[in-house]
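Here is how the chains run, residue by residue.
There are 2 protein chains.
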Amino acid sequence: VPNIKLVLEYDGTAYHGWQRQTNAPSIQGTIEDKIRIITKKNVNLTGAGRTDAGVHAKAQTANFRTDARLTPAAWQKALNSLLPADIAVRNAQQVSEKFHARFSARSKVYEYSVLSRPDRSAVDRLFVWHVPFPLNMNAMKQAAAALIGRHDFTAFKGSKGDTKTDRCYLKRLTVRKLKEMIVITIEADRFLQHMVRNIVGTIIEVGRGKRKAQEMKQILKSLDRRLAGPTAPPQGLCLIEVRY
Amino acid sequence: VPNIKLVLEYDGTAYHGWQRQTNAPSIQGTIEDKIRIITKKNVNLTGAGRTDAGVHAKAQTANFRTDARLTPAAWQKALNSLLPADIAVRNAQQVSEKFHARFSARSKVYEYSVLSRPDRSAVDRLFVWHVPFPLNMNAMKQAAAALIGRHDFTAFKGSKGDTKTDRCYLKRLTVRKLKEMIVITIEADRFLQHMVRNIVGTIIEVGRGKRKAQEMKQILKSLDRRLAGPTAPPQGLCLIEVRY
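Line by line, the protein sequences are chains P and U.
Using the working numbering, the first residue of the first sequence is number 1, and each one after it goes up by one.
Using the working numbering, the first residue of the second sequence is number 1, and each one after it goes up by one.
Incorrect hints may have been included.
[Unchecked claim] Cross-link-like lysine to aspartate or glutamate pairs, in silico, EDC-like; alpha carbons within 16 Å at most:
1. P:58 <-> P:180
2. P:221 <-> P:152
3. U:34 <-> U:86
4. P:77 <-> U:119
5. P:171 <-> P:111
6. U:58 <-> P:119
7. U:58 <-> P:180
8. P:98 <-> P:124
9. U:171 <-> U:241
10. U:160 <-> U:224
11. U:171 <-> U:189
12. P:58 <-> U:32
13. U:177 <-> U:189
14. P:58 <-> U:224
15. P:171 <-> P:187
16. U:177 <-> U:224
17. U:171 <-> U:111
18. P:160 <-> P:52
19. P:58 <-> U:187
20. U:58 <-> P:124
21. P:179 <-> P:119
22. U:58 <-> U:33
23. U:77 <-> P:119
24. P:179 <-> P:124
Derived by calculation from the structure, the hints in this document are not laboratory data.
Work out the full structure, taking the sequences as your base and the hints as a guide.
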């Protein structure tokens with residue numbers, strides 16, 4: 001059965017996250033419904049990352065199996081004409097039988113945007129976390145660097161994160177400033193529930209001077225969620241790349 | 001009576017433009033209503049530019065007169081707490097009795113964003129015009145340059161534009177590309193109704209090869225709206241600066 005890989009962009013504002021739910025709109029459910037309109041058959045769309053409610057994607061990937069005889073280009077065109085304006089198919093291609101959007105991924109890259117200025121934003125409000133306090137860039141860069149490598153990230157895991165192992169290989173974690181926007185980029189082979197948002201929440205506390213960059217190693221070693229900072233809000237987060 | 005100047009940012013998606021209307025939400029009406037909550041008196045908020053429905057602003061300016069004894073900082077804080085999330089006060093200050101947001105302005109600067117790629121966008125959909133055709137940057141730059149200067153812009157004026165004179169001094173009109181985004185920046189001492197959107201619509205036709213850059217001068221001289229291109233959609237437009 002042909003295996004189709006999609007690259008998806010979406011504005012997550014109106015959805016209760018990626019994962020299909022019974023009583024709330026989801027990205028997965030919305031796309032599955034449109035695929036079903038085309039194939040008249042049930043379908044299971046597997047996403048690389050299960051983004052939370054309000055989280056966005058510029059290049060989420062997903063795959064599904066279908067015996068419908070459409071070319072990948074026809075899939076893209078058909079889905080883009082059926083999908084709502086806040087979900088778009090950036091690319092479609094046929095991939096090997098074995099390809100699995102999540103298990104085949106080598107790493108995923110997220111970007112988290114923090115708007116650093118005293119007053120709130122109107123235009124960017126659904127795509128940034130507004131932090132009205134001064135932030136120390138050097139301290140945040142130091143805090144970020146301390147987390148790079150292969151570690152057990154239990155201390156940065158949400159309470160519902162139900163995983164066999166909490167070890168992740170964090171390949172990249174950078175903090176850069178572009179005018180009023182602070183962009184935190186994070187790449188890892190896998191992510192635990194709320195991991196990016198908990199790391200961002202802790203880095204911002206370091207930036208505000210509420211804790212020291214040196215504490216990051218201790219928090220990591222403690223495996224204790226209570227020692228890390230608060231969970232950053234979802235709207236600043238965007239899945240920007242899945243690497244295979 | 002103290003004269004207060006506001007610098008405003010807004011996402012125009014949900015509004016029928018700047019100007020107060022009887023039966024539809026407007027930026028002006030929304031802000032006037034909040035000022036009235038504070039002062040308990042009628043107020044008239046004068047904007048520098050009357051943006052159309054769906055048009056955004058990063059730095060619209062406006063002024064109003066009030067005898068309420070609030071400091072400018074208190075005005076900013078009070079309004080930001082009362083206004084909806086899609087309108088923000090970036091700055092408030094007390095200005096001279098004579099200051100008039102529109103008549104005192106020396107020039108206004110607009111940015112128009114065109115997303116140039118085959119497939120549509122989900123995340124940026126409310127802030128760009130998606131043009132799925134290849135665009136010739138050099139031709140567009142040439143077309144833009146032809147309009148700079150002091151001219152009668154009747155050929156680029158909307159049919160409802162009711163003005164005594166259609167002469168404007170177009171100080172700047174640039175077209176630049178940042179990855180998939182083409183940004184057209186335009187500065188003039190005054191703008192006629194739909195002028196930016198009609199200029200952009202015509203430049204894009206040049207970019208697509210539907211007309212030549214050399215035609216711009218002829219269109220301008222014709223004073224005939226029918227010779228110019230279509231009106232670009234509102235959501236790509238943003239008022240970014242008002243100069244005094």
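Hints and how they fare:
Between the alpha carbons of residue 58 (chain P) and residue 180 (chain P) the distance comes to roughly 21 Å, so the proposed pair goes past 16 Å and is violated. With a CA separation close to 8 Å, the supplied pair residue 221 (chain P) and residue 152 (chain P) stays within the 16 Å bound. Restraint check for residue 34 (chain U) and residue 86 (chain U): the C-alpha separation of about 14 Å stays at or below 16 Å, so the hint holds. Of the supplied pair hints, the one linking residue 77 (chain P) and residue 119 (chain U) holds, its CA atoms being roughly 9 Å apart against a limit of 16 Å.
For the hint linking residue 171 (chain P) to residue 111 (chain P), the alpha-carbon distance of about 14 Å falls within 16 Å, and the restraint holds. A hinted pair counts as satisfied when its Cα atoms are at most 16 Å apart, and residue 58 (chain U) with residue 119 (chain P) qualifies at roughly 13 Å. For a cut-off of 16 Å, the pair hint linking residue 58 (chain U) to residue 180 (chain P) stands: about 13 Å separates their Cα positions. This hinted pair does not check out: residue 98 (chain P) and residue 124 (chain P) have alpha carbons roughly 40 Å apart, beyond 16 Å.
Annotation: proposed proximity of residue 171 (chain U) to residue 241 (chain U) holds, straight-line Cα distance about 14 Å (limit 16 Å). About 14 Å separates the Cα atoms of residue 160 (chain U) and residue 224 (chain U), which keeps this hinted pair within 16 Å; it holds. For the hint pairing residue 171 (chain U) with residue 189 (chain U), the CA-to-CA distance comes to about 8 Å; that is within 16 Å, so the pair holds. For the given pair, residue 58 (chain P) sits about 38 Å from residue 32 (chain U) by alpha-carbon distance, which is inconsistent with the 16 Å threshold.
Between the alpha carbons of residue 177 (chain U) and residue 189 (chain U) the distance comes to roughly 25 Å, so the proposed pair goes past 16 Å and is violated. Of the pairs offered as hints, the one joining residue 58 (chain P) and residue 224 (chain U) is violated, with about 42 Å between alpha carbons and a cut-off of 16 Å exceeded. Only pairs whose Cα atoms come within 16 Å are accepted, and residue 171 (chain P) paired with residue 187 (chain P) is accepted, the gap being roughly 5 Å. For the proposed pair residue 177 (chain U) and residue 224 (chain U), the alpha carbon gap of about 30 Å is over 16 Å, so the pair is violated.
At most 16 Å may separate the alpha-carbon atoms for a hinted pair to count; residue 171 (chain U) and residue 111 (chain U) meet this at roughly 14 Å. Annotation: proposed proximity of residue 160 (chain P) to residue 52 (chain P) holds, straight-line Cα distance about 12 Å (limit 16 Å). Restraint check: the Cα-Cα separation between residue 58 (chain P) and residue 187 (chain U) comes to about 32 Å, which exceeds 16 Å; the hinted pair is violated. Only pairs whose Cα atoms come within 16 Å are accepted, and residue 58 (chain U) paired with residue 124 (chain P) is accepted, the gap being roughly 10 Å.
A hinted pair counts as satisfied when its Cα atoms are at most 16 Å apart, and residue 179 (chain P) with residue 119 (chain P) qualifies at roughly 15 Å. Restraint check for residue 58 (chain U) and residue 33 (chain U): not satisfied, since their Cα atoms lie roughly 21 Å apart, outside the 16 Å limit. Restraint check for residue 77 (chain U) and residue 119 (chain P): satisfied, since their Cα atoms lie roughly 9 Å apart, inside the 16 Å limit. Proximity of residue 179 (chain P) to residue 124 (chain P) is assessed by CA-CA distance (about 14 Å); at most 16 Å being required, the pair is judged to hold.
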